[in-house]
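A.B. asks: In case you want the letters, here they are:
Protein chains: 2
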Amino acid sequence: MATNPILHPQARQHAHGEFSHEELALANRNCGTLLETLQHDITPTGAHYLLNHFDVPAVDNAQNWSLTLDGHFTEPVTVSLAELHAMPVTTKTVTLECAGNGRRHVSPRWPSQPWGVEAVGTAQWTGTPLRNLLLHAGIRDTCREIVFHGIDRGVDGGQVHNFARSLTPEDALHEEILLAWKMNGIDLPPQHGYPLRLVVPGWYGMASVKWLSHIEAIDYCFDGYQQTKTYVYRQSPDDSGTPVTHMRVKSLLVPPGIPDWSSRKRLVEPGLVTLQGRAWSGAGVPITRVEVGLDGTWQDATVDQCDNPYHWCNWHFDWQASIGQHLLSCRATDANGHTQPLQAPWDTAGFGNNSVHAVEVWCA
Amino acid sequence: MATNPILHPQARQHAHGEFSHEELALANRNCGTLLETLQHDITPTGAHYLLNHFDVPAVDNAQNWSLTLDGHFTEPVTVSLAELHAMPVTTKTVTLECAGNGRRHVSPRWPSQPWGVEAVGTAQWTGTPLRNLLLHAGIRDTCREIVFHGIDRGVDGGQVHNFARSLTPEDALHEEILLAWKMNGIDLPPQHGYPLRLVVPGWYGMASVKWLSHIEAIDYCFDGYQQTKTYVYRQSPDDSGTPVTHMRVKSLLVPPGIPDWSSRKRLVEPGLVTLQGRAWSGAGVPITRVEVGLDGTWQDATVDQCDNPYHWCNWHFDWQASIGQHLLSCRATDANGHTQPLQAPWDTAGFGNNSVHAVEVWCA
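In order, the protein sequences belong to chains L and R. Counting along the first sequence from 1, when you hit position 110 you're at 110 in this note's numbering, and nothing is skipped either side. Counting along the second sequence from 1, when you hit position 108 you're at 1108 in this note's numbering, and nothing is skipped either side.
Bound-form chain L, shown alone (with noise of 0.2 angstroms):
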């Protein structure tokens, strides 16, 4: 009888120039946000990007739904919604981005889901800090994470597990983390997390455990697969690594004119081009300056003043275009002085590529 592949997979290889159907699927079912959405400050429900490791499960009865809180507390409870849903309600304007965004220009390319630049979105989410549930529950002095677990399920690396990822008690408490029901003002959508998610603030997408349904303070480090064996910077695959947490300083820059339909290049008009992009950084600090590079060249543009670090803020810089063709680029700089390499960093994985967006633009 052969091997069974998914209990039993074969060690992957990096990979070079074009793309496996692999790859190719994993691009198509996890989309990237749609580039031009960046003129809106909010992502539109739908164009925000996914990364959903498993199936989106299909929650009939949330009613049902609990939320165990169990392990090294002093109080371990179970909550349902409505009690959740009756706790002070927040919303936050939060943007996030997966950790393997940029993924597919670092090379030699680890095949996994190979973004772009498109792993963003930014989202006004509703629900209730998490800080004062972990409280209320009381967080024992032996505990040294909290695991927060979805129910959502698969297999990689041949191991079968739910996902879920962990948190230190400090970084848990942190008031930013919100347990979230709703999602631009409706409830979430099955694949954002429906009927509740975390949200966490600053930091890359993973730490966002969506179909969130137990919470479970530890007295050890987590080993589960989404915590120690991806999700981790590593310079090669039998580095021990550093974890992946806090987003890097990043910007974009919205593609000007029109598309050519298969290419993606873009054409403009002679003149005048209002070049417009976001940026943020995930270290809760705002972004202090985003340059455009013109054909290499660099210049200020215009930053508007972001009134929280942890959703991207505008910026926009006036183009003269003159006929031919041009490489625009945006990079950012936050205020703890890190600014975006013009190369990917390497990383085994293809983790944490916050080198600069550039676009092709014809002007005819």
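Watch out, some of these pointers could steer you wrong.
[Said to hold, decoys possible] Far from chain L, by Cβ distances over 12 angstroms, these chain R residues were calculated:
id : residue
1  : His-1040
2  : Asn-1064
3  : Leu-1135
4  : Asp-1141
5  : Gln-1226
[Unchecked claim] Computed from the model, here is a short list of chain R residues facing chain L with C-beta under 8 angstroms:
id : residue
6  : Met-1001
7  : Ser-1020
8  : Asp-1055
9  : Pro-1190
[Claimed, not checked] Output of the computed footprint for chain R on chain L, the stretches with three or more beta carbons under 8 angstroms from beta carbons of chain R:
id : stretch
10 : 10–22
11 : 55–61
12 : 90–100
13 : 155–161
14 : 165–171
15 : 251–265
Don't read these hints as lab results, they were simulated from the structure. Here a beta-carbon is modelled for each residue, glycine too, at the ideal position from N, C-alpha and C.
Starting from the known structure of chain L, fit chain R onto it as the hints suggest.
C.D. replies: Using the frame of chain L, we list chain R on its own:
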């Protein structure tokens, strides 16, 4: 000065094997539906497939939107959105599929949107019947076709144009066609045509023009790019071909069990597995039969009666899964006697591939 590749593109060639960056980018931008959501009669908003040739227009002042009917009408008219909303309103459940669905399984492959099987969705569209407005404007005897113009603009094959498609007066007067402004009870999302679109039940999705602003009755056959250069069945690039119109009979299987992250192969436990899926035909007739293929042996599934032939029906089948590797398929037949083929029908641009859906499942 370099030749502008957008206005003077090189001729595209068929491809084999792995996928180009361009194909990958298109796959990530125009996302497929999530097959597990076929459990739902209505595809969750945001999980419906997307095919936008150009950019999603940003429409900030919808109250200024107007729909103009001109050309060979006896009473040309321009109506506002408010006037349209005041017309008789109806809601229709419609299954739409992209004409290029299945393209990447047609060999050799035409390098365009490389769909697998996921370019389908079912939504509840709310609007007013197009027929009433056309009769009110009065189609002149001199009218040969009615052109539907969107405001989305871009380039394909070197031609700059707005997306536009035509129908004959007879087809345009079909009572099922809607001018729609709501999707699943909410305003059309921007990426689905806000604030106004056409919905043409039974036809592949290109007929359902989004961001609709202008309906033009003409006295000749429309030769727009999206009418004559593409969306035509051709045996070879030089073939004059026949227009792509109604959806060919098709079915899909909800992949059972749990997925492997990277390969999307499925893992099930031994024993009873209830298979479920959807089937539809664009001919406006019911589905009469769905067969499930179990490792090459076909057996009849149970097809739920479908009250309306313009949206998919549900089918199910009880499978006794045994240890090992399996290939599961499904095949639909409609009331006109059309059955899905086992192999992709040849088309040089990969249109109309309604061959059977196959899913690799491992039982352990």
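A.B. asks: Please go over all the hints and tell whether each is borne out by the structure.
C.D. replies: Now for the hints, and whether the structure bears them out:
no.	hint	result
1	His-1040	violated, 7 angstroms
2	Asn-1064	holds, 17 angstroms
3	Leu-1135	holds, 34 angstroms
4	Asp-1141	holds, 36 angstroms
5	Gln-1226	violated, 10 angstroms
6	Met-1001	holds, 6 angstroms
7	Ser-1020	holds, 6 angstroms
8	Asp-1055	holds, 4 angstroms
9	Pro-1190	holds, 5 angstroms
10	10–22	holds (count 7)
11	55–61	holds (count 3)
12	90–100	violated (count 0)
13	155–161	holds (count 3)
14	165–171	violated (count 0)
15	251–265	holds (count 9)
The structure is inconsistent with the numbered hints 1, 5, 12 and 14, although it conforms to all the rest.
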